[in-house]
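> Residue numbers (numbering that gives the first Met the number 0), protein chains in the order written: chain A, 0 to 340; chain B, 0 to 340; chain C, 0 to 340; chain D, 0 to 340; chain E, 0 to 340; chain F, 0 to 340.
Watch out, some of these pointers could steer you wrong.
[Stated by the list, open to error] Only some residues are given here: those of chain A computed to face chain D with a beta carbon under 8 Å:
| # | residue |
| --- | --- |
| 1 | P229 |
| 2 | L233 |
| 3 | M305 |
[Claimed, not checked] With a straight-line cut-off of 16 Å between C-alpha atoms, the simulated EDC-like cross-links for lysine to aspartate or glutamate are:
| # | chain 1 | residue 1 | chain 2 | residue 2 |
| --- | --- | --- | --- | --- |
| 4 | F | K250 | F | E111 |
| 5 | A | K250 | C | D71 |
| 6 | B | K250 | F | D338 |
| 7 | B | K329 | B | D306 |
| 8 | C | K145 | D | D338 |
| 9 | F | K250 | B | E24 |
| 10 | C | K329 | C | D310 |
| 11 | D | K145 | C | D338 |
| 12 | F | K134 | F | D149 |
| 13 | D | K134 | D | D149 |
| 14 | E | K250 | D | E245 |
| 15 | F | K329 | F | D310 |
| 16 | E | K145 | E | D133 |
| 17 | A | K134 | A | E156 |
| 18 | D | K329 | D | D306 |
| 19 | C | K250 | A | E245 |
| 20 | C | K145 | C | D133 |
| 21 | D | K250 | E | D133 |
| 22 | E | K250 | E | D149 |
| 23 | D | K145 | D | E162 |
| 24 | E | K145 | E | D124 |
| 25 | A | K134 | A | D114 |
| 26 | E | K145 | F | D338 |
| 27 | B | K145 | A | E245 |
| 28 | A | K329 | A | D310 |
| 29 | C | K145 | C | E162 |
| 30 | D | K145 | D | D133 |
Please keep in mind that the hints were generated in silico from the structure rather than gathered at the bench. Note that beta-carbon positions come from the ideal geometry of N, C-alpha and C, so glycine has one too.
Each chain, letter by letter, is given below.
Number of protein chains: 6
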Amino acid sequence: MSTGELGNTFPHMPTVHIPQLAQGERVQSEFLVLDRAEKPNNGNPFHILTLGNSTGRIETAPVWSNQSSLVDGVERGNVVQAIGELSLYNGRGGAPRRQLMLTAPLRVIPSEQVDITSFLETVGDCTHLWDWVDKQRTTMQSQTLKNVVDLFFANDEFRVRFERTPGSTAGHHAKIGGLLLHTFEVASIARTTARTTRANQDLVFAGAMLHDIGKVEAYEVGPAGFSTTPCGLLLGHVVLGALMLERALVKLNHPVCSDGQLLELQHMILSHHGSLEFGSPVQPMTAEAEIVHWADEASAKASDMMDSIDDPANFLTGREVSDGRPWRVKRHVYRRPHDWQ
Amino acid sequence: MSTGELGNTFPHMPTVHIPQLAQGERVQSEFLVLDRAEKPNNGNPFHILTLGNSTGRIETAPVWSNQSSLVDGVERGNVVQAIGELSLYNGRGGAPRRQLMLTAPLRVIPSEQVDITSFLETVGDCTHLWDWVDKQRTTMQSQTLKNVVDLFFANDEFRVRFERTPGSTAGHHAKIGGLLLHTFEVASIARTTARTTRANQDLVFAGAMLHDIGKVEAYEVGPAGFSTTPCGLLLGHVVLGALMLERALVKLNHPVCSDGQLLELQHMILSHHGSLEFGSPVQPMTAEAEIVHWADEASAKASDMMDSIDDPANFLTGREVSDGRPWRVKRHVYRRPHDWQ
Amino acid sequence: MSTGELGNTFPHMPTVHIPQLAQGERVQSEFLVLDRAEKPNNGNPFHILTLGNSTGRIETAPVWSNQSSLVDGVERGNVVQAIGELSLYNGRGGAPRRQLMLTAPLRVIPSEQVDITSFLETVGDCTHLWDWVDKQRTTMQSQTLKNVVDLFFANDEFRVRFERTPGSTAGHHAKIGGLLLHTFEVASIARTTARTTRANQDLVFAGAMLHDIGKVEAYEVGPAGFSTTPCGLLLGHVVLGALMLERALVKLNHPVCSDGQLLELQHMILSHHGSLEFGSPVQPMTAEAEIVHWADEASAKASDMMDSIDDPANFLTGREVSDGRPWRVKRHVYRRPHDWQ
Amino acid sequence: MSTGELGNTFPHMPTVHIPQLAQGERVQSEFLVLDRAEKPNNGNPFHILTLGNSTGRIETAPVWSNQSSLVDGVERGNVVQAIGELSLYNGRGGAPRRQLMLTAPLRVIPSEQVDITSFLETVGDCTHLWDWVDKQRTTMQSQTLKNVVDLFFANDEFRVRFERTPGSTAGHHAKIGGLLLHTFEVASIARTTARTTRANQDLVFAGAMLHDIGKVEAYEVGPAGFSTTPCGLLLGHVVLGALMLERALVKLNHPVCSDGQLLELQHMILSHHGSLEFGSPVQPMTAEAEIVHWADEASAKASDMMDSIDDPANFLTGREVSDGRPWRVKRHVYRRPHDWQ
Amino acid sequence: MSTGELGNTFPHMPTVHIPQLAQGERVQSEFLVLDRAEKPNNGNPFHILTLGNSTGRIETAPVWSNQSSLVDGVERGNVVQAIGELSLYNGRGGAPRRQLMLTAPLRVIPSEQVDITSFLETVGDCTHLWDWVDKQRTTMQSQTLKNVVDLFFANDEFRVRFERTPGSTAGHHAKIGGLLLHTFEVASIARTTARTTRANQDLVFAGAMLHDIGKVEAYEVGPAGFSTTPCGLLLGHVVLGALMLERALVKLNHPVCSDGQLLELQHMILSHHGSLEFGSPVQPMTAEAEIVHWADEASAKASDMMDSIDDPANFLTGREVSDGRPWRVKRHVYRRPHDWQ
Amino acid sequence: MSTGELGNTFPHMPTVHIPQLAQGERVQSEFLVLDRAEKPNNGNPFHILTLGNSTGRIETAPVWSNQSSLVDGVERGNVVQAIGELSLYNGRGGAPRRQLMLTAPLRVIPSEQVDITSFLETVGDCTHLWDWVDKQRTTMQSQTLKNVVDLFFANDEFRVRFERTPGSTAGHHAKIGGLLLHTFEVASIARTTARTTRANQDLVFAGAMLHDIGKVEAYEVGPAGFSTTPCGLLLGHVVLGALMLERALVKLNHPVCSDGQLLELQHMILSHHGSLEFGSPVQPMTAEAEIVHWADEASAKASDMMDSIDDPANFLTGREVSDGRPWRVKRHVYRRPHDWQ
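The following block holds chain A by itself, in its conformation from the complex:
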């Protein structure tokens, strides 16, 4: 996502590509402070800051009590200029892990000069996701469903908004581009499920693409990161999605689908949480709606599990089972000590 439109605000310095930083490489760049955690460390406490930009996130090396001036006054939500050097330490499974050793105090950028969005974690370049989506659209056999999907996904303005929307505000896929990634996962899983179980693949694909469009209006980026809009709270993204589909159709001069077809698509959106207690006012009544629902679960839950296992903060004591129950999954998780060659 380009940030050029923001003129002379930060980031000023070139964005460092965090995942590609090599050992010993010098870092001088702006980052958003995503977290500032104090670790008890058996009585010798230290701080670790999590710094992020659009390419990913990295933890600082522990900042001990006698180095506290490096991070004084720095809070979660600040954008800071950081100077340091990439170092390694032995992390999960003995594999080296990278950390940023600060060599100068962080400098806080005044918030009014900052475009927070450009510092939020993203899923990275979305080109391959869009390519997949666009290829699937091309291969749809139902022209009606293609037309409905294109109402949104052939609309450049919608694509920009959609790509900026996270999958949730603080749960699964809570990243810029997260909704697109999640939608890709759901569509991909759902298509395979449809093919395997002989359901209508085009309809499942359309339902998967549309199921979470309501999040475009339900979520926003605020000073403190992602949050839910008033209409997101008052109506819910599920109902919002059904309303957005209706409004998009009302705007046109010609009918793209019949009333009955609209009804079925709105049903797919409304039922995609699967059951009443999870916020769907109706349960799935078609195989295609059912399939989209389970693909949605699979994407969200697998993502939560992957994130929980990949987060070294859950394995500080070095065991193969997590120290506690990571909040995303509310149970212990397991980091296999063997490989599967």
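Could you slot chains B, C, D, E and F onto chain A? The hints should help.
Leaving out everything else, chains B, C, D, E and F in the frame of chain A:
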């Protein structure tokens, strides 16, 4: 599945391929009586028998009160010789549907002369399912996981038992071959989910193949159709699966995988129901176990939904929504009146 | 409700006002057969038919086995011409109760000549309910809310449809006019609650009037009585209500309320079931939405309890507690043997 | 409520009527410290104390770190002498809000010199509530029910205890007079519900008046505010209410009501929580018990919602939706930015 | 239990001791018809009547269609004179089972000449249960608790009523004497639990003896067997027990225990269902109350399981697992085919 | 439990028998720091350390701010050398309670010199528990069941491991020897239940002895106290128990019991949590399994209740009801102020 091993028992006559019967075609063959239902019909009740063989099932035309000698003494579970003619009537959505008009009284074959299994509904020829499984086995990159999967799926005796086992006794995939079909669906969905979410595809495939092997010992074919064995009830198919994996490894003279690897595979089997209240003694602790769980849900629930929508008995009043709440899904289902071209 | 529009169909004979029938009065009229129940009666079974017209319902005297020709071939859902005489028997608490003693066989009217709606139980004359509603509308202080309410309740066509809609298909207020009666109850209870707790009375009144408008499209009268429409099942009456409000506003050339105000009203409709597990996609977020929710509960549950206690079929053994657990309330109910003077 | 009985204890100074304080008005009075909260404020933390007396509560202006001597050693539960000045700041919806700017250190009054009750928040003057109750008692048509209600509500000693009892210890109506206010609300809502649904209004009124009398023995005022008595915990206020009614009747020399009538009234008290999981050992079995239950819910839940929306602490970021999920209602609440003229 | 008080009503003939009937023995006696069941039997249906007297119950041999005159007009709840002969058939595990082969038509005794209670199944002679109870009372070390227990269990009138009361109306221990047997089981299990866990044994014994005394007023014997009284439904046996304890103490001129002690005992009674959703208005707050609760569960659930396994009707197909899920335990049960020598 | 095997590690000094310490007695010994709690104390905070050894635990006297050097740098999990004197203070019910007044700074022993296990709280000498177990084994009448029980309980190595295992890691019986104590309680309660309800006592005893053997592999002692092993998390102690029984039998050259008998025993282990939502993959299907389940509940829940009531930390304000809801039981508990003589 061959029934030649059963010697001179029934079926005697050539098996009629039910799905290929043409209008007006004369039928003379043995069938298992899968159901005998009385329909109230506004005060003029009639009976409809559901007859099945290994190729599928067909309902008789209504047998009115004055024709009751055609079906006197015939009960669910009998194998009968039936003589009749295929006729059509207008069914769902106006499309013609086929029924068997009986032209002579059914003759009940003594149960001791019958091989019930050869009359149970099957998923049909399983060759393509086995081909898919075997191709996937070939392309596994982890030799360890391939060796574990081959303990069962390269064993001809196991393959025969596995192919004969239904996916459940009366729920989803309750057919000969149903467990194989279900396992294929789970493995297929799970692999796509793993690829999409970057989990270990080989491990997910192995977990999917093994997740329900306990059903081979938990289910059996009895005189009244599928039922659960005592050990299936006392231990549950989930624990049985973990025990079967352990026993298969114990029998070998050489280790196929490490203790830790066995632990992870047993965990995948034990956790595949996802949560305690659904009978898993442990919840999934890895992304791969989580993925197998959701693929299992997707396969079972989509299958139930497809079967509910495809069953004309749920739409007797001709509405696009089902008359009641089909027992498989416990909610109304929707049979779309439009198509999606 | 006028039935004049139905031309020369039945009812032909003047409608008998069931609640005003006197002992010994001769009855000759058409009725809808609402129920046909067989009572075991310690081995001497008999039938009781429940006959209804728009004024109410009455049970026949027991039809013993040797009188079965009186009711042969008559089924639930038929409209019949009945000839008989009103008699009394000792019912609940010793008070005399009325029954219709048939003196000639019932004659079934062919269904195509019948306007079922005109035979369905109604809540009776709705004039006082409309009067109350219209008086409340007049006294609203918020012109904006009055305008929104008038979109529906000052529209004659909507009033006709609303008055014909039941409160549910088979539960509380399942009568022609039931939705109007229920809405009156909710609005009345909610206004008092708002006044008592100092919430906005106009807003609560508007929310109460609108909360169930979706039922106008969600329910219909079919040959077998009330049922749910496809869109009622696929979207639910809760979401349908929010859509109907939006569509009514879209149709106008001028704005009646702001987007934010529409949002709040749609929220009241969407949240009126109070919690997710009861089908509201969002929980109430304002005091007024909360109040409408509880008034809705109070009206529905008190109605169910009154109906259960008033139904003598629940007290056949003559005890002060019901014989079983009436289905409406799923618990024993109590018919006090004392009075409270 | 008079506090004259407490002799020369505090409060010494005239009670300030908090809701009527004008901008710039000087305050010098005693208050109970109801809360002492630290607000993080982006790294510049401050304290806000909530001070209360019988007329209401007011927050202090923020006490910054460099002013900490103003509040040193002051804790929740202390009674303090405060000197300050009423100031305004822009609060909810831009409307000015009042705060107390301390101009001298708070002085803690030794706890043994303090009558805590006289500092607890109250619902204010209860005269109009008692007037309403007494007027309703007068208009009851059932002399029996009036006699039962009068056992408590014509008894001056009981009235004093009842008026001092909160509606809960820390939830809805947790104020001196709160039980009376809650009982008024329940009785008022329940009467309207009874009139609307044609239930027995006198019985509903009596049930509403008696439903929570057990709280008089279940709750007490301790040094730390309201708490539950041992018998309140061991028996519960629901059972205590039924016992209190029995004991009041046993004390009389003449019967006020029959055993059957007592049974019905005890049932109303015991069932007023509506279902087992909420602490009612029995579910309502009469329409009147059902109505009292729902009126109880409506009063409690509307009160919680009003309090949550009226509490500016829930809207510190200035949005129209609450910052978090207020504990009283466990969901976001909405403070409309528009009015409804 | 003596039935002498009933004068010249039935039973007239000597009571046959059902458990001691030998093969071929002739039977001529009165029995209560406890059940009349029709068994489908693969198209050749038959009836089996369950006959009972105070010593037990026995099924008739199958009464085939061509013998129906033997049982014509006989219904559940009748007392009949039966003439027949005891025969054996191979039942569970091959062990012979006894049945009554009718040799003459049953004769129905007019209900007004019958003392139903004397025909209801009983737990048999209760002498050893009373002996155990009385011995325990003697060995109590707390005189206070002994005095409280003796209020009921040293009162002959109460003992007679208690002994006649079933443990439930249709569930566990639903027999004359069932409440005594259940109370014995609970007291016995609870004492061991107290001794093992070092809780107060006397208090646990007292709590166990008192926990279900409310059933004496909550249950009654009606023409159709056991049922719940109005006060049993309106207050529940849990609250009734607490009220009975209070009333018994109020009647005395001298205090037997302090108010605090009464409170603790009432708490034990009120909390013995363990949690709110099972009808206890309060949860156990002492170890002794907790122990009585779990002993109550153990007695009820073990009894239900024993009855389900011992009932041959659950094993008609001869498998070691039950044919279905017996209603008492709602799951399959297992009748071991091996012994444990 | 002997710690001699640990050579010259700590404890060096003789173990002080904490429960027998007399007032004024001087203490000089090593202890494990089980907890370090800060108490707010109305603004004058202090620390209390909980010190433990194998004989029990004792709290230090409050360590005020000006004494903080006594405990500087001491953390939960350290083993310390402590010097102090036993003093008394008035605790629960006015009874004197003991505390350790530190007279010198604690000295932390380096962790590598410490055998943590020997400092963990234990249930004390287990001789009488083993004696009871061994006596019960001797009196079993079923040789088969005795042989199975002896596989574990006649095996010295297993006895050592079993005795070291806690009943849970942080819940009920979380002590060295806790599993043995819990097993003794379950076996004792279950035997009485079996005798009382006429179930198979030998089988119930065997099931009780085996039900938790999986905990031997599921729990371990780590540097931070008890924790769950990876296999304990991945398989659960319930399934581990069934696996351990199978493995023990597989190791033998001769069969100790039949396959069917093994099945029944594995079922008892697998079902002992009673229902799916509590982690049993199957529900009890025999009376004996049901009895073991309820005895398990009774032991665990009574233990939790006893511990909650005995913990003075729950009654700091001196009331007879606990200040809050102790975490073990999640409800208020009651410490009776009276006795029961």
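> For every hint, state whether the structure bears it out.
Structure-based check of all given hints:
Interface hint status for A:P229: upheld, as the beta-carbon distance to the closest one in chain D is roughly 5 Å, under 8 Å. For A:L233, the interface hint holds, the least distance from its beta-carbon to any beta-carbon of chain D being 6 Å, beneath 8 Å. With its C-beta approaching chain D no nearer than about 28 Å, A:M305 sits outside the 8 Å limit, and its interface hint is violated. For a cut-off of 16 Å, the pair hint linking F:K250 to F:E111 is broken: about 37 Å separates their Cα positions.
Straight-line distance between C-alpha atoms of A:K250 and C:D71 comes to about 59 Å, which puts the hinted pair past the 16 Å bound. With a C-alpha separation of about 64 Å, the suggested pairing of B:K250 with F:D338 is violated against the 16 Å cut-off. Proximity of B:K329 to B:D306 is assessed by CA-CA distance (about 13 Å); at most 16 Å being required, the pair is judged to hold. Under the criterion of a C-alpha separation no larger than 16 Å, the hint pairing C:K145 with D:D338 is consistent with the structure, at around 14 Å.
A threshold of 16 Å between alpha carbons decides the hint, and for F:K250 with B:E24 the separation of about 64 Å lies outside it, so the pair is violated. Taken as a hint, the C:K329 and C:D310 pair is honoured in the structure, with Cα atoms around 14 Å apart against an allowance of 16 Å. Restraint check for D:K145 and C:D338: satisfied, since their Cα atoms lie roughly 14 Å apart, inside the 16 Å limit. Proximity of F:K134 to F:D149 is assessed by CA-CA distance (about 12 Å); at most 16 Å being required, the pair is judged to hold.
Taking the CA atoms of D:K134 and D:D149, the gap is about 12 Å. The hint holds against a cut of 16 Å. A hinted pair counts as satisfied when its Cα atoms are at most 16 Å apart, and E:K250 with D:E245 qualifies at roughly 14 Å. Taking the CA atoms of F:K329 and F:D310, the gap is about 14 Å. The hint holds against a cut of 16 Å. Pair hint E:K145 plus E:D133 holds up; C-alpha atoms about 11 Å apart against a cutoff of 16 Å.
Taking the CA atoms of A:K134 and A:E156, the gap is near 19 Å; set against the 16 Å cutoff, the hint is violated. For the proposed pair D:K329 and D:D306, the alpha carbon gap of about 13 Å is at most 16 Å, so the pair holds. For the hint linking C:K250 to A:E245, the alpha-carbon distance of about 14 Å falls within 16 Å, and the restraint holds. Simply put, C:K145 and C:D133 have alpha-carbon atoms about 11 Å apart, close enough for the 16 Å limit, and the pair holds.
For the suggested pair D:K250 and E:D133, the alpha carbons sit about 35 Å apart, so the restraint of at most 16 Å is broken. Restraint check: the Cα-Cα separation between E:K250 and E:D149 comes to about 14 Å, which is no more than 16 Å; the hinted pair holds. Of the supplied pair hints, the one linking D:K145 and D:E162 is violated, its CA atoms being roughly 20 Å apart against a limit of 16 Å. Note on E:K145 and E:D124: the hinted pairing is violated, with a Cα-Cα distance of about 25 Å set against a maximum of 16 Å.
Between the alpha carbons of A:K134 and A:D114 the distance comes to roughly 33 Å, so the proposed pair goes past 16 Å and is violated. This hinted pair checks out: E:K145 and F:D338 have alpha carbons roughly 14 Å apart, not beyond 16 Å. Taken as a hint, the B:K145 and A:E245 pair is broken in the structure, with Cα atoms around 50 Å apart against an allowance of 16 Å. About 14 Å separates the Cα atoms of A:K329 and A:D310, which keeps this hinted pair within 16 Å; it holds.
Taking the CA atoms of C:K145 and C:E162, the gap is near 20 Å; set against the 16 Å cutoff, the hint is violated. Using a Cα cut-off of 16 Å, the hinted pair D:K145 and D:D133 holds, with the two alpha carbons roughly 11 Å apart.
Violation of the numbered hints given earlier is confined to hints 3, 4, 5, 6, 9, 17, 21, 23, 24, 25, 27, 29; the remaining hints are satisfied by the structure.
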